[in-house]
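**Student:** Each chain is listed here by its residues.
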Amino acid sequence: MNTALERLWNGMVKENPTFVLMLGMCPTLAVTTSAMNGIGMGLTTMVILALSNLMISMLRKIIPDEVRVPAFIVVVASFVTIVQFLLEAYIPSLNDSLGLYIPLIVVNCIILGRAEAYASKNPIGASLFDGIGMGLGFTIGLTFIGVIRELIGVGTVFGFQVMPEAYEPVSIFVMAPGAFFVLALLTAVQNRVKMSWEKKGKDASRIQSGCSADCASCASGCKGMAGQGGTEA
Amino acid sequence: MKELLLIAIGSALVNNVVLSQFLGICAFLGVSKKIDTAAGMGGAVVFVITLASFVASILYEFLLVPTHTEYLQTIVFILVIACLVQFVEMFLKKTMKGLYEALGVYLPLITTNCAVLGVALTNVQSGYGILTSTMNGFAVAVGFLISIVLMAGIRGKLEYSDIPQTLQGFPIVLVTAGLMAIAFCGFSGMI
Chain A
1 MNTALERLWN GMVKENPTFV LMLGMCPTLA VTTSAMNGIG MGLTTMVILA
51 LSNLMISMLR KIIPDEVRVP AFIVVVASFV TIVQFLLEAY IPSLNDSLGL
101 YIPLIVVNCI ILGRAEAYAS KNPIGASLFD GIGMGLGFTI GLTFIGVIRE
151 LIGVGTVFGF QVMPEAYEPV SIFVMAPGAF FVLALLTAVQ NRVKMSWEKK
201 GKDASRIQSG CSADCASCAS GCKGMAGQGG TEA
Chain B
1 MKELLLIAIG SALVNNVVLS QFLGICAFLG VSKKIDTAAG MGGAVVFVIT
51 LASFVASILY EFLLVPTHTE YLQTIVFILV IACLVQFVEM FLKKTMKGLY
101 EALGVYLPLI TTNCAVLGVA LTNVQSGYGI LTSTMNGFAV AVGFLISIVL
151 MAGIRGKLEY SDIPQTLQGF PIVLVTAGLM AIAFCGFSGM I
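Protein chains in written order, with the working numbering: chain A, 1 to 233; chain B, 1 to 191.
I should point out that these hints are in silico values taken from the structure, not numbers from a laboratory.
Don't take every hint at face value.
Said to hold, decoys possible - Only part of the chain A face toward chain B is listed, based on derived beta-carbon distances under 10 Å:
1. M36
2. I39
3. S78
4. L100
5. N108
6. F180
7. N191
Glycine included, C-beta positions come from ideal geometry on N, C-alpha and C.
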């Protein structure tokens, strides 16, 4: 039970994919036009992450090392297809608003990264909770960004009017440029925290700035995470 | 012909893949430090996306539709793209040394670039044929090339400006990207 709680805590706080690791930036920027979309995308990703972690952990002794990445991709793509059909059938409104970004969960670096770094090396239970924890962390991140954008851009949160009548919504925040501005703010805060940690002598190497120069793409991002997972284990 | 041109302008400028669709952000932020590497990356993306949308639409039309397995599109496309990139890399290495040296480093990075899969899926969703898909793929990739080269140019200038310590690195790049996105909003009146 302790590992389960530890994995959940790790995913939500210690290695939060949005705030600490800065992974999966495409959906983070694209679908967070409202808090509801953020939470929907986050939970969809969580379900896929948990299921694919579970499956990959079950298959970890069967999949040969040389073809593991294509095998992981097939597993993830299958779950994405299943989840897409379920959404189409039961939550069509969410399916419409997320659109193209649901099939694109396949190339979300969080999922392949966790498969490579954790699920392919650890037992089934721990991998499942790792997936749930990371997914919840991602959901928290997306919802937070969605709330900010919706609050400033429309003046509502989850569709409820929050700002006073006199507030004039800055609608650029729900448009494409707003996503970049909010993320800029977030990375600035991250920089600040990192600097003050370094001043106090705390280890800040855990905080990554996502797509830095050495992680030119998600592919190498996964490799980076795999290396990290290796040193942790 | 006019229709093709409209699709091309729409995909390259109005719905720019990076600045309004948010696809390929990783490569956009990671490889835009210098203009020549940015142009190399952009060139590799143009090459791969055009080829991938061509191959993906052929597979969709002649394999998935006749066998009524359209629902397998995500799985098939991602596998095809991964194989294609590997294959292109091997082919260029053997036959075209010059091009390989220019694009080679960037090719493996493109496999998980979400823009490639995104374009293939968009083509299918919009019901484009093979020719239109290839054209659309090319236009989207040109849009990527334009934005990454512009970004690299601006980042070159940013090196010499006095930026508050907190904003150094990614924050200021993202602010720049936001301003570029606003500028690209101006294209929306074109079509």
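**Student:** A separate judgement is required for each hint: does it hold in the structure or not?
**Tutor:** Status of the hints after comparison with the structure:
Proximity of A:M36 to chain B is violated relative to the hint, the smallest CB-CB distance being about 18 Å (cut-off 10 Å). Interface restraint check: A:I39 against chain B, minimum CB-CB distance 18 Å, threshold 10 Å, status violated. For A:S78, the suggested interface contact is upheld, since its CB lies about 6 Å from the closest CB of chain B, less than 10 Å. Hint status for A:L100: holds, given a least beta-carbon distance of 6 Å to chain B, under 10 Å.
A hinted interface residue such as A:N108 counts as satisfied when its beta carbon comes closer than 10 Å to some beta carbon of chain B; here the least separation is about 8 Å, so the hint holds. For A:F180, the interface hint holds, since its Cβ comes within 10 Å of a Cβ in chain B; the closest pair sits about 3 Å apart. The criterion of a C-beta within 10 Å of any C-beta in chain B is met by A:N191, whose closest approach is roughly 5 Å, and the hint holds.
The structure does not agree with the numbered hints 1 and 2 stated previously, though it agrees with the rest.
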